[in-house]
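Novice: Residue numbers (the numbering used here), protein chains in the order written: chain A, 1 to 160; chain Z, 1001 to 1674.
Everything labelled a hint here was simulated from the structure, so no lab data went into it.
Glycine included, every Cβ here is placed at the ideal spot set by N, Cα and C.
Mixed in with the good hints, there may be bad ones.
[Claimed, not checked] Derived DEER-like restraints, expressed as beta-carbon distance ranges:
no., chain 1, residue 1, chain 2, residue 2, range
1, A, P93, Z, L1603, 33 to 39 Å
2, A, R133, Z, L1109, 22 to 28 Å
3, Z, A1573, A, T57, 34 to 40 Å
4, A, H5, Z, I1202, 31 to 37 Å
5, A, P93, Z, P1172, 44 to 50 Å
6, Z, V1105, A, T57, 49 to 55 Å
7, Z, G1086, A, N153, 52 to 58 Å
8, A, I24, Z, P1669, 54 to 60 Å
9, A, L15, Z, C1012, 16 to 22 Å
10, A, S106, Z, G1062, 34 to 40 Å
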Amino acid sequence: MGPRHPPTVVALFVLVTLVVTGPIVGVDAVRTQPTTIGDGTASVSSVQVPTSEIRITDGRFGTNVAYLRVPDASVTVDSVTGRPRLLYQVSVPALDISLEDERVISEGQHGTYRLAPGDRAVAPASLDQGAYRGTVLLRVQSFETAETIVAENVTVRVEQ
Amino acid sequence: MTRDVEWLTGRCRRFGKTVFGDRYGYALWLGLLVTFGLYWRIGIFITDTYTTANALVAVSNGQLHITETPYTLTLGSQPGLHESGGNLYGRNYGQILLAVPLVWVLQALSVLITPRLLLLGLWSGTALLFVSQVGELGQRHTDTAKRTVLGVGSGTVAILFLIGALTATTLPDTGLPIAAFQISTMLAAATTSLVIYRLVGIWHDRSVALAAGVAVGIASSVGFWASLPKRHVLVGLLILLTVYLFARSRVAYADARFWIGLGFRAGAYLTAGLVTWTHAFEGFFLVVTLALVDLVTARRNSLLHLAVVGLGLFLGSLPMLVTNYLISGNPVKPPRLLSAVGGANVEFTPDTGGDAGTGGGSGAGGTEGTGTDGGTGGSSDGGTGGSGSTGTGSEGGNTGTPVLTPLLGLFERIMGPAAPAMTFVSDAVRSGLSVLTTPDRMSQIFFRSGSAPGINYAPNSYEAIELTMLESVPLFGAIAALPVVLVRAVNHRIRRWSVRPSQYSPRTQTDILVAALAGVFTLIYLSRLPLHTQLTVRYLLPTVPLIMYGAVRVPAVHETASDAKRWLAGGYAVSAVGGVILGLGAVAGLDLALGEAVQFHALLNLGGAAVCAGTVLGHTLVPDRVPSGVVALGLALPAGLTTAYLLLSGLVYFQYGPFALDFVRALAPHLPAV
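When you get a sec, could you build the whole thing from the sequences and use the hints?
Specialist: Right, here's the structure in full:
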């Protein structure tokens, strides 16, 4: 168990890092990123939302319930200032369903983001029409701004 | 100085040996904690936890009643909240008090270390301990040099630590108490595995014991609940610990070491009594079942032995009695019997979920441990939540000397009417028995869930996420061989019918206790099942380690784990990795929704269970036709598939909070989402 015992060496390294970056010593080597929305904005260069794929189909593997299927959105962000969020929202008011996914991005984190609200089971009793009206929204939001990138009305078909 | 260090090292070594048995047990325990950390999310998964988490914060601030609610917006709407003397209380105080020291430790360390990095540091430290143990053990069994294992392992931990530190996100201060709560459950889950390792290790060789430990930890639903701070894992641990101490007492009695045997025997009752602190209802059934089996099988039932056993039970129940006294003024009235507040009607506990009689009796149950069933029984006929009897309780405690009066009251109440408590017990058992005769319902609890007609899926947003016992622990397919084994055992026993139960071998006596406990803890919950928000039939979770013990006791299983360990380990690794790839592939390729993904695993697991049942039963009936290598694969397949489900349920399917470890959070967006 001498000083050359690798786990001991790593343990010492971990301990020193934790204490040195901690509240008392406060070396700014490791900065924990906030995950909540702040000020700022992001410029979005391209968006892919396959809205035609939004539909209602039967569940598989014995789930015995219909699902509102919402495809993932892909958002390419060129530049970010502050800490805004990307919000992707699909709602079908007649079924009382609103699905959303958000991503808070920070300064410097440009790139392509996938937003996946997932699928939502539909209350079996409420499904009585062949198609429903839905809305798709994609926005950049912060405490300063709210910019709508996509706002679209869609028809959601029930395929059974 | 050197002598002091040596003395201290010696003490640590002896303590380690007492708790962990050997280095393998320690490595198992550490490895499980490291694994649980990987899919640990900080947050609240089931609404019942809001109350217990708020109560935990209150207790860590030095009071039993809840005034602040860091985990809910408003006070009074959480399920499981109870009222006494104008104050609001939580429940499961035994479980909460276990987590309180952890809250303090985390809060103290957070003065020095940023909270998020603190969790990362704790995980890294555990992982490094694990690596050094594995390095030591690897040298014994393989040609790999210890240095290589240590180097590679430590390097991996260092890299993960660096990634975690560099991508660290902020953890709010309110995150620490709930994190501590989750750590307490993870410790309980890992310790459950350790106890089954030690229990099985009494009868079988080490590889069988290790396999049983790993199976309970990450190839059963115990791993699913490891980082979800519900009571079930803790109760399961205490039940198993009771069995372990019982087994040790039988071994000692058989060796004519009566004092040691008596010590373990009293320890078993003490542990059983402790369950009442968390859930009086379950504690009652544990104590009664233990007492029945223990009295019949003990080699000594002299007055002295019984007195010591009674003392053990009293000591185990004492924390519950004191807590109850502090809360309601009545030591025999647990929080669950106090009038419920707000959303208590959505609480899925035995006392408020169903008929009124059950509600009252559950409190009675817990206190029967101390011989006061009559008294609480009397106060329990007030119905659900026992609201009708609040007055009686406070009167008893508020007069006279604080300690003596309630104690005297206890004795008086022993003579009180025991009828309501007995009615409750017989009701729970009778309604459980009636479920046994309804095959559809049994199938929805034990075999195939799908979309079970008996479950209200609305609270789950209509997602079919409720697995059955066999779907959540497909290794239980091995139980298919149990009837054959039992018939053989009974045949064997009939030929030696003159042997009294007290002269049975310690192993048989322990088997009887495990069978009785598994039966009782299944039966009493049957009438409430199937139910939503169970996920893996969590009400039956305490039986999972017991049934796993039963599976291991099947000769085909323990002989395989002993003879074909390489097949078992290799098959398990392949099956786990394959299960993860298959699950991720299905989610991405078939665009599965949550319920579909869970049911996909359910079907996979049922397939694994069928293979398991077939090979184990085959080997039991025709050992020559089914070699042990095949049985090993038949066991490894469902075990690996379960591990895959545990990992994916934490990493992909159920999202209720941020990952505790940021290197996992950084990985998660690259996985397909449901």
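Novice: So, for every hint listed, does it hold in this structure?
Specialist: Against the structure, the hints come out as follows:
1. A/P93 to Z/L1603: 33 to 39 Å: The hinted range 33 to 39 Å holds for A/P93 and Z/L1603, with Cβ atoms some 35 Å apart.
2. A/R133 to Z/L1109: 22 to 28 Å: violated, 54 Å
3. Z/A1573 to A/T57: 34 to 40 Å: The hint (34 to 40 Å, Cβ to Cβ) holds, given that Z/A1573 and A/T57 are roughly 37 Å apart.
4. A/H5 to Z/I1202: 31 to 37 Å: holds, 34 Å
5. A/P93 to Z/P1172: 44 to 50 Å: For A/P93 and Z/P1172 the Cβ distance comes to about 34 Å; the hint is violated.
6. Z/V1105 to A/T57: 49 to 55 Å: Check passed, 50 Å falls within 49 to 55 Å.
7. Z/G1086 to A/N153: 52 to 58 Å: At 54 Å between Cβs, range holds.
8. A/I24 to Z/P1669: 54 to 60 Å: Distance hint for A/I24, Z/P1669 is violated at roughly 33 Å.
9. A/L15 to Z/C1012: 16 to 22 Å: holds, 20 Å
10. A/S106 to Z/G1062: 34 to 40 Å: holds, 39 Å
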